[in-house]
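J.: In case you want the letters, here they are:
2 protein chains.
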Amino acid sequence: MSKRKVKIVEVGPRDGLQSEEISLSIPTRFEMISRLSDCGISNIEVGSFVSEKWVPQMKGTLQLVQKLIHSQGLGKISRKAQFSTLVPNMRGLEKALESGIQEIAFFTGASESFTKRNINCSVQESLKRAKDIQKAIYGHKIKTRGYVSTAFYCPYEGRMTPSRGIGVTRKLLDLGCYEISIGDTIGAATPNEVKRFLEKLFKYVDPQQIAMHFHDTRGTAIANVVASLDLGVRVFDSSVGGLGGCPYAPGASGNVSTEEVVYCLEGMGFRTGVDLKKLIEINQWLEKKMKRPMRSPVALAGLPRL
Amino acid sequence: MSKRKVKIVEVGPRDGLQSEEISLSIPTRFEMISRLSDCGISNIEVGSFVSEKWVPQMKGTLQLVQKLIHSQGLGKISRKAQFSTLVPNMRGLEKALESGIQEIAFFTGASESFTKRNINCSVQESLKRAKDIQKAIYGHKIKTRGYVSTAFYCPYEGRMTPSRGIGVTRKLLDLGCYEISIGDTIGAATPNEVKRFLEKLFKYVDPQQIAMHFHDTRGTAIANVVASLDLGVRVFDSSVGGLGGCPYAPGASGNVSTEEVVYCLEGMGFRTGVDLKKLIEINQWLEKKMKRPMRSPVALAGLPRL
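From first to last, the protein sequence lines stand for chains A and B.
Going by my numbering, the first residue of the first sequence is number 1058, and it counts up by one from there.
Going by my numbering, the first residue of the second sequence is number 1058, and it counts up by one from there.
A portion of the hints provided could be inaccurate.
The list cannot tell twin chains apart, which means a pair is met if one copy fits it or any two copies do.
Straight-line Cα separation of at most 25 Å, PhoX-like style, residue types lysine-lysine; simulated pairs [what the hints assert, rightly or not]:
#, residue 1, residue 2
1, 1062, 1252
2, 1198, 1335
3, 1062, 1188
4, 1060, 1200
5, 1252, 1060
6, 1064, 1252
7, 1192, 1124
8, 1133, 1200
9, 1064, 1173
10, 1062, 1185
11, 1348, 1188
12, 1252, 1110
13, 1345, 1060
Just so you know, the hints here were simulated from the structure itself, not pulled from any lab data.
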């Protein structure tokens, strides 16, 4: 990847939608993902193979993925689209294998308390699950991506020492993940903390293996993206319209919006390959589907005259 | 000023309120400013001596300033509070002198088209007005501050070359301004553009004479604050709750919110002297007064557990 090229991983259809009050139907999610592909986003996390009872927003992920894969190269969906799904456990993996998905993601975290409450096991146990999944996909052409949540702050434990997240990142890479997404899950980190973390991490790990996953809970996400860029990170997770959380709920905490990430990076001379005008149209379409204003100042204000 | 100390110039009561649909009464503005002073903000732009016919939101600025000055050191208003008002012309200056204000601000811009439409004169003429005002206050103990708007983008002319804003900044300093506030008026700049501008500017001007004034129209304001910090800027204009513009209007463009600036700077180890908890209380109080949600994710989410 060239130094001025940035990969956007659109996580709206999974990380975004799973925390929204309104559940979108399978055809609507299909249209959303088609449009995201059409605006030039190659990497899209399209769903999660979790229990539909616990996460109804992700209902029908199997059917959705099958439809998406059959549509690659047809209509709005690019032949180059790289879809992924979250896989929490072996039961989820069975569905993933059935779906034909090319990439799966594991979820764990730096914080014991958060991991326990979120996926109901210790960090150590989650790494064991990841290992089992890696073994089970041996021979299948499936890439694996790891999430390290709460790398900077935990809602229960507070500020995290960088060594915690760095240790988990290295273990996931050792297990065979091609990329690790480091999350500021509660959106509390500031640029100096991000730099300090990455400087330590890059003593052990190649920056090309790292994605950053910021939430804009306290307005620092774009500044954190820029800080990460300075240290060589070229992959960012984001969510169209800042999907996730609720803008009116206490503790609102959507992903950083893809519109802002693309606007800022392109303005800085990086190439994302994303057509921002088309992306803003998706934002406006989503407002109707989600029945609430999206979180994206760029979409609200539009592009400036150049 | 120590290298880790940052001066916040709160512009909500002027730059913020003047673009709001709802006008606040003089007692409410007095309470707002008292509370801002009480939470540790020393520099507050409290109003504007413009025609009340054109800017009804600034009605009663004379009375407000007199009341504020008489209250310094009493109740919530710090003895050290430094109040300022915008003064557009000689008529405004008469009122400023009558009010007893210690600091006034001029407004001009890098863009001819914007300056013409905004203050109805050329940039050259605006500098002539500034010169006349400077002459008229000779002998009075009044500090003057200059605003250079549209330094990066103009809504009519598009992207501005840095030399335009730099030229105007240097002229205002020559006229005797102690500080120049450089504005990204339509909130379109990205961090690289800010750095390029400041690197050129600081060939001629001491960073200590410069404040940055960002609008968060496209989500880049905090990243731009951080970029400016990197180049030695230690003064930032901001507005409690991101006052200004309207969150639902097309082209919404409030000032960067003071809450986000303070949160990010304190997180980075800078000292602003501002009590963020008290500031968030002002945000919540203002929501009731403005009858709309304020623009501040920090205020919405609250502070993280440390």
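J.: I want to check one pair: residue 1198 and residue 1335. Are their C-alpha atoms no more than 25 Å apart within a copy, between two copies, both, or neither?
T.: neither (32 Å within a copy, 55 Å between copies)
J.: Up to 25 Å between alpha-carbons, please classify residue 1252 paired with residue 1060: within, between, both or neither.
T.: Close inside one copy (18 Å) and across copies (19 Å); limit 25 Å.
J.: Checking residue 1133 and residue 1200: alpha-carbon separation at most 25 Å within a copy, between copies, both or neither?
T.: within (24 Å within a copy, 60 Å between copies)
J.: Up to 25 Å between alpha-carbons, please classify residue 1192 paired with residue 1124: within, between, both or neither.
T.: neither (27 Å within a copy, 74 Å between copies)
J.: What label fits residue 1348 with residue 1188 when the C-alpha limit is 25 Å: within, between, both, or neither?
T.: neither (41 Å within a copy, 53 Å between copies)
J.: Between residue 1062 and residue 1185, at a C-alpha cutoff of 25 Å, which is it: within one copy, between copies, both, or neither?
T.: neither (35 Å within a copy, 47 Å between copies)
J.: What label fits residue 1060 with residue 1200 when the C-alpha limit is 25 Å: within, between, both, or neither?
T.: This pair counts as within: shortest intra-copy Cα distance 23 Å, inter-copy 47 Å.
J.: Could you place residue 1062 and residue 1252 in one of the four classes (within, between, both, neither) given a Cα distance threshold of 25 Å?
T.: both (20 Å within a copy, 20 Å between copies)
J.: Since the copies are identical, ignore which copy is meant and state whether residue 1252 and residue 1110 lie within 25 Å (CA to CA) inside a copy, between copies, both or neither.
T.: neither (39 Å within a copy, 50 Å between copies)
J.: Could you place residue 1062 and residue 1188 in one of the four classes (within, between, both, neither) given a Cα distance threshold of 25 Å?
T.: The answer is neither: 32 Å in one copy and 48 Å across copies each exceed 25 Å.
J.: Regarding residue 1064 and residue 1252, is the shortest C-alpha distance of 25 Å or less found within a copy, between copies, in both, or in neither?
T.: Classified as both: same-chain Cα gap 20 Å, cross-chain 24 Å, threshold 25 Å.
J.: Check residue 1064 against residue 1173 for me: Cα-Cα at most 25 Å, and say if that holds within a copy, between copies, both or neither.
T.: neither (31 Å within a copy, 42 Å between copies)
The structure fails hints 2, 3, 7, 9, 10, 11, 12, 13 (numbered hints given earlier, in ascending order).
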